[in-house]
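Undergrad: Sequence:
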Amino acid sequence: MKILIIEDEEALRQNLEEFLTAEQFVVESAPDYDAALDKVMNYDYDCILLDIMLPGGNGLDLLRSLKEAHKKQPVLILSAKDSVEDKVLGLEIGADDYLAKPYHLSELLARIKSIIRRNSRDGEQLITYKNVSLNPDSRQVYVNGQEIVLNRKEFDLFYYFMIRPNKLMEKTTLVESVWGDHSDQADNLDFLYSQIKNVRKKLKEADAQMDIQAVYGVGYKLV
Numbered sequence: 001m002k003i004l005i006i007e008d009e010e011a012l013r014q015n016l017e018e019f020l021t022a023e024q025f026v027v028e029s030a031p032d033y034d035a036a037l038d039k040v041m042n043y044d045y046d047c048i049l050l051d052i053m054l055p056g057g058n059g060l061d062l063l064r065s066l067k068e069a070h071k072k073q074p075v076l077i078l079s080a081k082d083s084v085e086d087k088v089l090g091l092e093i094g095a096d097d098y099l100a101k102p103y104h105l106s107e108l109l110a111r112i113k114s115i116i117r118r119n120s121r122d123g124e125q126l127i128t129y130k131n132v133s134l135n136p137d138s139r140q141v142y143v144n145g146q147e148i149v150l151n152r153k154e155f156d157l158f159y160y161f162m163i164r165p166n167k168l169m170e171k172t173t174l175v176e177s178v179w180g181d182h183s184d185q186a187d188n189l190d191f192l193y194s195q196i197k198n199v200r201k202k203l204k205e206a207d208a209q210m211d212i213q214a215v216y217g218v219g220y221k222l223v
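In UniProt numbering, the protein residues as written are 1 to 223.
Straight-line alpha carbon distances no greater than 20 Å define the calculated PhoX-like cross-link-like pairs of lysine-lysine that follow:
(1) Lys-221 - Lys-201
(2) Lys-39 - Lys-67
(3) Lys-197 - Lys-153
(4) Lys-130 - Lys-221
Have a look at the derived ranges for each label pair, beta carbon to beta carbon:
(5) Leu-109 - Gly-56: 26 to 32 Å
(6) Val-88 - Glu-9: 20 to 26 Å
(7) Lys-167 - Ser-83: 36 to 42 Å
(8) Asp-211 - Met-41: 32 to 38 Å
(9) Arg-118 - Tyr-216: 33 to 39 Å
(10) Asp-190 - Leu-109: 29 to 35 Å
(11) Val-223 - Gly-145: 21 to 27 Å
(12) Lys-101 - Gly-180: 23 to 29 Å
(13) Ala-206 - Leu-89: 45 to 51 Å
(14) Glu-18 - Val-88: 29 to 35 Å
(15) Gln-24 - Asp-44: 14 to 20 Å
(16) Asp-32 - Lys-204: 44 to 50 Å
(17) Ala-206 - Pro-55: 49 to 55 Å
Hint data in this document are derived by calculation from the structure and do not stem from the laboratory.
A quick note: this is a predicted structure, and the numbers were derived from the prediction, not measured.
All residues carry an ideal CB built from backbone N, CA and C; glycine is no exception.
All chains should be built: construct the whole structure from the sequences, respecting the hints.
TA: Okay, here's the thing in structure tokens:
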């Protein structure tokens, strides 16, 4: 799962990056309005942490830009401004939640997980497709009730497929979502093929009623 932190305070931004990376998220960041606008318009995120007051612009204007571009990306506003008007306006524009500074990291993590659940598979805790179940919080995968062990990137990749069954995913989209922005600019994507090969092997060995199929010249889909 990929998180974008839009925060101008360097120490806080770095603290959030370290905390969320330790929680197994792929983390990107933007320190000002222009950098944030470039990222939200060119990449997709599972949750955006958005500060309202930014150098060069206002976080609420970023929300408006997302709405105008019809880009539905989950947004959690993080701001020292705790007025009712700011909360209401942010939620009306399209934010999913609002958390006032200062906050506990444990509460932030709970809010992020809640937002991601609400925006994938209708908020269900356990994601199930065919005879396979996946728990995003415990990062466990079961086939016919028996757990199969995936490493961090294998799990992230499989999770991405599980919430988008039968949907064709381009290679660059998969790489950006699991390894981070700009990783699609690597000289080759052999590492993606290797990870998918490992996941396919583990699913087959566990008799999963699904497979990750390659679509020549485009990408992959879970069928």
